[in-house]
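Q: Listed below, chain by chain, are the residues.
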Amino acid sequence: MDKKLTMALAGNPNVGKSTLFNALTGSRQHVGNWPGKTVEKKEGTLKYKGHKINVVDLPGTYSLTAYSIEELVARDFVVDKCPDVVVHIVDATNLERNLYLAVQLIEMGANVIVALNMVELAKKAKITIDEKKIAHFLGVPVVKIEANKKTGTGKLLDKALSLTGRKKKKSLITYGTELEEHIAKLEELIKKTIKLPENYDPKWIALKLLENDNEIINKINAIENSKIIIEEAAKNRKHLHDVFGEDVDTSVADARYGFIGGLMKEAVVKKEVNRLSASENIDRVVMHRALGIPIFFALMWVMFNVTFAFGAPFMDLIDVGFGQLAESTGTFIENATLLPAWVGSLVVDGIINGIGSVLIFVPNIFLLFMMIAIMEASGYMARAAFIMDKVMHRVGLHGKSFIPMIIGFGCNVPAIMATRNLESEKDRILTMLINPFMSCSARLPVYVLFVGAFFSAYQGTIIFLIYLFGIFVALLSGMLFKKTLFRGLSSPLVMELPPYRWPAVKGILIHTCERSWLFVKKAGTIIFAIVIVIWVLASMPWGVEYASEESVIGQMGGFIAPVFGPCGFGEWQPAVALMFGFAAKEVVVGTFGTLYDVEDEGLGALIHSHFTPLSAAAFVVMVLLYVPCMAVVAAIRRETNSWKWPLFVVVYTSVVAWVCAVVVYQGGLLLGVA
Amino acid sequence: MSLAMAECGKKVLIKEIASGVCLRKRLSDLGIYEGVKVEVVRNDFSGPVIVSVLDSKVILGRGEVHKIMVE
Chain A
791 MDKKLTMALA
801 GNPNVGKSTL
811 FNALTGSRQH
821 VGNWPGKTVE
831 KKEGTLKYKG
841 HKINVVDLPG
851 TYSLTAYSIE
861 ELVARDFVVD
871 KCPDVVVHIV
881 DATNLERNLY
891 LAVQLIEMGA
901 NVIVALNMVE
911 LAKKAKITID
921 EKKIAHFLGV
931 PVVKIEANKK
941 TGTGKLLDKA
951 LSLTGRKKKK
961 SLITYGTELE
971 EHIAKLEELI
981 KKTIKLPENY
991 DPKWIALKLL
1001 ENDNEIINKI
1011 NAIENSKIII
1021 EEAAKNRKHL
1031 HDVFGEDVDT
1041 SVADARYGFI
1051 GGLMKEAVVK
1061 KEVNRLSASE
1071 NIDRVVMHRA
1081 LGIPIFFALM
1091 WVMFNVTFAF
1101 GAPFMDLIDV
1111 GFGQLAESTG
1121 TFIENATLLP
1131 AWVGSLVVDG
1141 IINGIGSVLI
1151 FVPNIFLLFM
1161 MIAIMEASGY
1171 MARAAFIMDK
1181 VMHRVGLHGK
1191 SFIPMIIGFG
1201 CNVPAIMATR
1211 NLESEKDRIL
1221 TMLINPFMSC
1231 SARLPVYVLF
1241 VGAFFSAYQG
1251 TIIFLIYLFG
1261 IFVALLSGML
1271 FKKTLFRGLS
1281 SPLVMELPPY
1291 RWPAVKGILI
1301 HTCERSWLFV
1311 KKAGTIIFAI
1321 VIVIWVLASM
1331 PWGVEYASEE
1341 SVIGQMGGFI
1351 APVFGPCGFG
1361 EWQPAVALMF
1371 GFAAKEVVVG
1381 TFGTLYDVED
1391 EGLGALIHSH
1401 FTPLSAAAFV
1411 VMVLLYVPCM
1421 AVVAAIRRET
1431 NSWKWPLFVV
1441 VYTSVVAWVC
1451 AVVVYQGGLL
1461 LGVA
Chain B
1135 MSLAMAECGK
1145 KVLIKEIASG
1155 VCLRKRLSDL
1165 GIYEGVKVEV
1175 VRNDFSGPVI
1185 VSVLDSKVIL
1195 GRGEVHKIMV
1205 E
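So the sequence lines, in the order shown, correspond to chains A and B. Under this note's numbering, the first sequence has 1137 at position 347, and the numbering climbs by one with no breaks. Under this note's numbering, the second sequence has 1197 at position 63, and the numbering climbs by one with no breaks.
Because the hints were derived from the structure by calculation, they are not lab data. Bear in mind that the values here come from a model prediction, so they are computed numbers and not experimental data. Beta carbons are placed, not taken as given, at the ideal position from N, Cα and C, and that holds for glycine. Keep in mind that a hint or two might mislead.
[As the list claims (entries may be wrong)] BS3-like cross-link-like pairs, simulated, lysine-lysine; straight-line CA separation at most 27 Å:
#, chain 1, residue 1, chain 2, residue 2
1, A, K916, B, K1145
2, B, K1201, A, K1060
3, B, K1201, A, K1055
4, A, K794, A, K871
5, A, K1216, B, K1171
6, B, K1171, A, K916
7, B, K1144, A, K1055
8, A, K1025, A, K923
9, B, K1145, A, K1061
10, A, K794, A, K923
11, A, K939, A, K923
12, A, K842, A, K934
13, A, K1273, B, K1201
14, A, K842, B, K1201
[Claimed, not checked] Not everything, but these chain A residues come out facing chain B in the computed CB check (under 10 Å):
#, residue
15, D866
16, E977
17, E978
18, E988
19, N989
20, D991
21, N1004
22, A1043
23, P1282
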């Protein structure tokens, strides 16, 4: 008979939690978001000795105090969903800090198993751990595992199966007579006056109320007759503060670390080895005061070149493949006389080109994600945040915000997804809002065309300046948002600097595939829908030439063209090209090709006859800054879980782009540039 | 003095963390709370500071280290 079990994996970041998750579930994983949250939820299943075990990977946290979304998600899952077993993965080389979370999990009344990971590394560092003693102190089973070699997982699962049903644990830590008295008093009051949801342990709730835990206070507030409890808790809190001269949370932290310290003395022997670790040697170079930033940029440069060099042949392959598919399908439908001509146009111009325009991004996105995953898993990402923090701080941004911005030079879609590395939601949104100004690779063909046509002598320098201008606008916007929309919400930089580790190949590949697939699935469906809409607009009314002046989109172009008059390009063709650019920026150049009815080679000459150097400059500024492509809008929609921010980005970037283009054109006219 | 002024290589005792609950919690989760000794691994007197505590290293922003009083 198959028995069903739920097993949650908890642990600090960088302890090998994902490695264990992958080792347990293999490819039977499902990645989604926690309901209503932007935090990734990973679930997988495995069968073991006639049991079907559902494994839930909780977000990596240091604590369960619910001060970040990750902690809140993890805690709510443990408290509300009551998993049968909570496996707490612990880094054996860093026991003391790791066990802080174990203590909290046990206090919550969860069925905890401690999985000691990286035991071999600990051995090398001359740390001897007596797991039986730890088990004795904590009152929960402790199993030694090696997640990357899959050793000990069987023993871990056996232990998990043997722990059925929730047992009431005896108190782990005594918080001192004074505090314990207040906890007991409050616990009694809670039991007497309100009806707690069944999974809530009254003692734990009492402690949380004294710790001033906002989430729990809100939860209790929602229960009937709870006013007196909240008031009593506040009174006690104040009293305790007066007695100890420190807040309750400090006393609690002190007691927990004190308990763990005692445990460490009994169960762990550390031979003091005083040598510079490999990590420290690497850090001496990559975090060097003067060399740090150049090394960071050099790594970024390598990352881009690898991404685009290795991605290009695959992109060409997809491009050629879809071109041929479109051609042969077109011919096939033309020959099949039964089908009307519009079917051919829909299939070829709409569907095939639409899917092609989505898939063409996949090689680059896959490679970029892989590079980022390697940087993250190796521990370099934390160093990059440290190095860039000094610079980014000047404009009120986080050091970590720089990483998505750099990725934006490649493609804004993975950049938006990379904002997940930021802890606070405000920083995440702020970074997403300014990211579209980082000039992505799809905009480059436009610069090449226009700059090549008018300023070919200084092409490299001018294109470099265009990129710099994008960064400038992004940073300026960041400062502006920080002073208006996100005032006073700067999140503190408190971050662990993990030791360097070799990334696990399997983990990197699984992670990269997941992210790429998410892109194809989520962004893909929206891109596809909009491509179809554009096809309809370009083909209507029936019988007009595709994307001609008489088509709906041509008429729309003609209608909005006057808006671009002050920018110097008030004809319908640039307006249509910009509209198509919303589908994908690389379409802009191709659209000019269709609209002016030329092959790519002659485009430069035609641009010359339709634009002046000044209006060309204004157009380039426009393309740099205006509305990001719909894939980016879709990504922002997905990551923020609302339409508010993507719409804001659309409006804000349009206004900024228009104003800048007008300033360039009108300013140029005033200065007498033609 | 504040942690912002503590020199590289010095072991300092955390006396007071003058900040909101949120930051204090975050710090204590990583083992930094009143009454604990930390070692300053890196302090350029601008930009973030790195301290070593409980066998791990923690990066603290410039704004944060000003709020941490040590001796």
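Q: Mind checking the alpha carbons of A/K1216 and B/K1171 for me, to see if they're no more than 27 Å apart?
A: violated, 32 Å
Q: Hey, does the A/N1004 contact hint survive, CB to chain B under 10 Å?
A: holds, 9 Å
Q: Closer than 10 Å between Cβ atoms is the bar; does A/E978 clear it against chain B? Give me holds or violated.
A: Because about 26 Å separates A/E978 from the closest Cβ in chain B, which is outside the 10 Å limit, the hint is violated.
Q: For the pair we were handed, B/K1201 and A/K1055, check the Cα-Cα distance against 27 Å.
A: The hint is violated at about 32 Å.
Q: Given the hint that A/K916 pairs with B/K1145, test it: the Cα-Cα distance must not exceed 27 Å.
A: Holds, at about 23 Å.
Q: Is A/K794 close enough to A/K923, meaning Cα to Cα at most 27 Å?
A: Given that 27 Å is the threshold and the Cα spacing comes to 31 Å, the pair is violated.
Q: Identify whether the interface hint at A/E977 stands, where standing means a beta carbon of chain B within less than 10 Å of its own.
A: violated, 22 Å
Q: Can the restraint linking B/K1145 and A/K1061 be considered satisfied, given a maximum Cα separation of 27 Å?
A: Holds - the C-alpha atoms of A/K1061 and B/K1145 are around 20 Å apart, at most 27 Å.
Q: Just to be careful: measuring from the Cβ of A/A1043 to every Cβ in chain B, is the smallest value less than 10 Å?
A: At 4 Å from the nearest chain B Cβ, A/A1043 passes the 10 Å test, so the hint holds.
Q: Below or equal to 27 Å on CA atoms is what counts here, so check B/K1144 against A/K1055.
A: holds, 25 Å
Q: When you check the alpha-carbon spacing of A/K794 and A/K871, does it fall within 27 Å?
A: Between A/K794 and A/K871 the Cα gap is close to 14 Å, so the pair holds against 27 Å.
Q: Has the given pair, A/K939 with A/K923, been kept, meaning a C-alpha gap of at most 27 Å?
A: OK: A/K939 and A/K923 at ~25 Å, within 27 Å.
Going down the numbered hints, you'll see the structure goes against 2, 3, 5, 8, 10, 14, 15, 16, 17, 18, 19 and 20, while the others check out.
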